[in-house]
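**Q** Build the full structure now, drawing on both the sequences and the hints.
Listed in order, the protein sequences are those of chains A and P.
For the first sequence, the numbering used here begins at 5 and goes up steadily by one.
For the second sequence, the numbering used here begins at 6 and goes up steadily by one.
Treat the hints as calculated values from the structure; they're not laboratory data.
Among the clues, some could well be false.
FRET-style restraints, in silico, Cβ to Cβ [said to hold, decoys possible]: (1) A:ASP177 <-> P:LYS227: 31 to 37 angstroms; (2) A:ARG118 <-> P:PRO60: 46 to 52 angstroms; (3) A:ASP98 <-> P:PHE68: 35 to 41 angstroms.
Idealized CB from N, CA, C, for every residue including glycine.
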Amino acid sequence: MDTKIELQGVKKRFGQKVVLDGVDLKIGKGESVVIIGGSGSGKSVTIKSVLGIVRPDAGKIYVDGKETTHLHGRAREDVLKKFGMLFQGAALFDSLPVWENVAFGLIQGRGMGRRKAKDIAIAKLAKVGLGSEVANLSPSELSGGMQKRVGLARAIAADPEILFFDEPTTGLDPIMADVINDLIVSTVKDLGVTAVSITHDMVSARKISDRIAMLYKGKIIWQGPTKDIDASGNEYVDQFIHGRADGPIKMEVRG
Amino acid sequence: MNIFASVGRLFLLFLAEVGRLTRFTFSSITSIVRPPIYWRLLVQQIMRIGWFSLPVVGLTAFFTGGALALQIFIGGNRYGAEAIVPQIVVLGITRELGPVIAGLMVAGRVAAAIAAEIGTMRVTEQIDALTTLSTNPVKYLVVPRLIAAVITMPILVGIADAIGVFGGYIVATKSLNFNGAVYLKNTADFVTSHDVMSGLVKAAVFGFIIALMGCYSGFNSKGGAQGVGTATTNAVVSSSILILAANYLLTSILFTS
Ligand SMILES: Nc1ncnc2c1ncn2[C@@H]1O[C@H](COP(=O)(O)OP(=O)(O)OP(=O)(O)O)[C@@H](O)[C@H]1O
Ligand SMILES: [Mg+2]
Numbered sequence: 005m006d007t008k009i010e011l012q013g014v015k016k017r018f019g020q021k022v023v024l025d026g027v028d029l030k031i032g033k034g035e036s037v038v039i040i041g042g043s044g045s046g047k048s049v050t051i052k053s054v055l056g057i058v059r060p061d062a063g064k065i066y067v068d069g070k071e072t073t074h075l076h077g078r079a080r081e082d083v084l085k086k087f088g089m090l091f092q093g094a095a096l097f098d099s100l101p102v103w104e105n106v107a108f109g110l111i112q113g114r115g116m117g118r119r120k121a122k123d124i125a126i127a128k129l130a131k132v133g134l135g136s137e138v139a140n141l142s143p144s145e146l147s148g149g150m151q152k153r154v155g156l157a158r159a160i161a162a163d164p165e166i167l168f169f170d171e172p173t174t175g176l177d178p179i180m181a182d183v184i185n186d187l188i189v190s191t192v193k194d195l196g197v198t199a200v201s202i203t204h205d206m207v208s209a210r211k212i213s214d215r216i217a218m219l220y221k222g223k224i225i226w227q228g229p230t231k232d233i234d235a236s237g238n239e240y241v242d243q244f245i246h247g248r249a250d251g252p253i254k255m256e257v258r259g
Numbered sequence: 006m007n008i009f010a011s012v013g014r015l016f017l018l019f020l021a022e023v024g025r026l027t028r029f030t031f032s033s034i035t036s037i038v039r040p041p042i043y044w045r046l047l048v049q050q051i052m053r054i055g056w057f058s059l060p061v062v063g064l065t066a067f068f069t070g071g072a073l074a075l076q077i078f079i080g081g082n083r084y085g086a087e088a089i090v091p092q093i094v095v096l097g098i099t100r101e102l103g104p105v106i107a108g109l110m111v112a113g114r115v116a117a118a119i120a121a122e123i124g125t126m127r128v129t130e131q132i133d134a135l136t137t138l139s140t141n142p143v144k145y146l147v148v149p150r151l152i153a154a155v156i157t158m159p160i161l162v163g164i165a166d167a168i169g170v171f172g173g174y175i176v177a178t179k180s181l182n183f184n185g186a187v188y189l190k191n192t193a194d195f196v197t198s199h200d201v202m203s204g205l206v207k208a209a210v211f212g213f214i215i216a217l218m219g220c221y222s223g224f225n226s227k228g229g230a231q232g233v234g235t236a237t238t239n240a241v242v243s244s245s246i247l248i249l250a251a252n253y254l255l256t257s258i259l260f261t262s
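**A** The following block contains the structure:
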């Protein structure tokens, strides 16, 4: 399998706080990888480094075999055309109606006409279970779960080669979560998209991923096929997937 | 403890800030000339920055013109020179008070609004989202605001000049017993195109400062609601100070030859 994305020894710290301490990860073309890890372990920072929103302090990042670590300006924009991203907090543009949020990449990034882009936006909204009646609403009029789905529609709108989902099912009811899981699976399987998702939801992780990687203390401490997750032989992974308070991972809780 | 160390540290922080602002200014200016230009956003910003500032600017200009007429009358009275009111009012308004008052009012209104909007977009990751949608945030957010402010401020100040002179006229004719026709004739005979143009040049510079500081503070806001609040305050304070400093500089360039 060809490698689509590769991180080599990526390091990042904010002030004194080391967040990524040498992340190595390869993601194959057409593969769906889930990154798991505790809250604040740097999962979001990891995918933001690939997008260039966060500039790594050290290490290299490759997309389609080309190094993209230090790209900016036009060159960065061109690489980003391959990506669709769902932000953890949806990050919808609150000055634009829902449909323009979804169509944004088509209109601004690709210069598509507004009418055609609106039709595509409404079709993408339908894929995430939202009717055309929300198209003209403002994002602030939607519930949290609906905003998340609009964010998802925006991520898939331009049919990118690579999709990043930061907690796609958080805040959704179990049924809608499963609809989104199916959507992610079908996007990857049918369209051959490469997907990297972050999730705390192990049901979703098992369903959408070919492979799981666990981030702990700034490094990938375990990775393997999803079917092996229960027999990882790694006590950190075991503690995490079973959600136990006791174990090698010590949460920083002060009493 | 060591006072020199703390002063030194503050000075370094100040230099770093100046450096960041310079870089931001530079990248904003180079983005203006590079396509695309977002016309739809430009029109929207012209409405927001220019049109909706008209009431505030008009009212302040009116009262300033009125107060100015009164002061010159009272001051002139001491030397028996109270007839000079129309000439000094038009000079003061077009050269200094029109642009400065409009600049400060728009700074309070617009720089704050820009900083709050862009700051919120920063802390809710909307600016990162723009980037991932292959849209340059500086081009999309900063350029329309900069152009709109530089275009609309001179228009606002032109209107403020007229309203300010009118405020002086009303006070002079209604309570200081000036003859209306004579007042207007003296005003028109005295004012030169250089007086008006210098004020409009100042206005364009102030517009640039207002939009730039609003955007800069917004882009650099951190944290949540509190960070956005700080950014808003910074935008108003820094743009007001820069306007007054630039005004002095421009006065000394434009009126000493
Ligand atoms: N822009 C930033 N400035 C300073 N610190 C940051 C910044 N972004 C992230 N951090 C810090 O980096 C650490 C990792 O953040 P990150 O958002 O990647 O966590 P996460 O693994 O996604 O957690 P969660 O599951 O809660 O979303 C956190 O401690 C956070 O405070
Ligand atoms: Mg996160």
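**Q** Check each numbered hint against the structure and report the violated ones by number, ascending.
**A** The structure breaks only hint 2.
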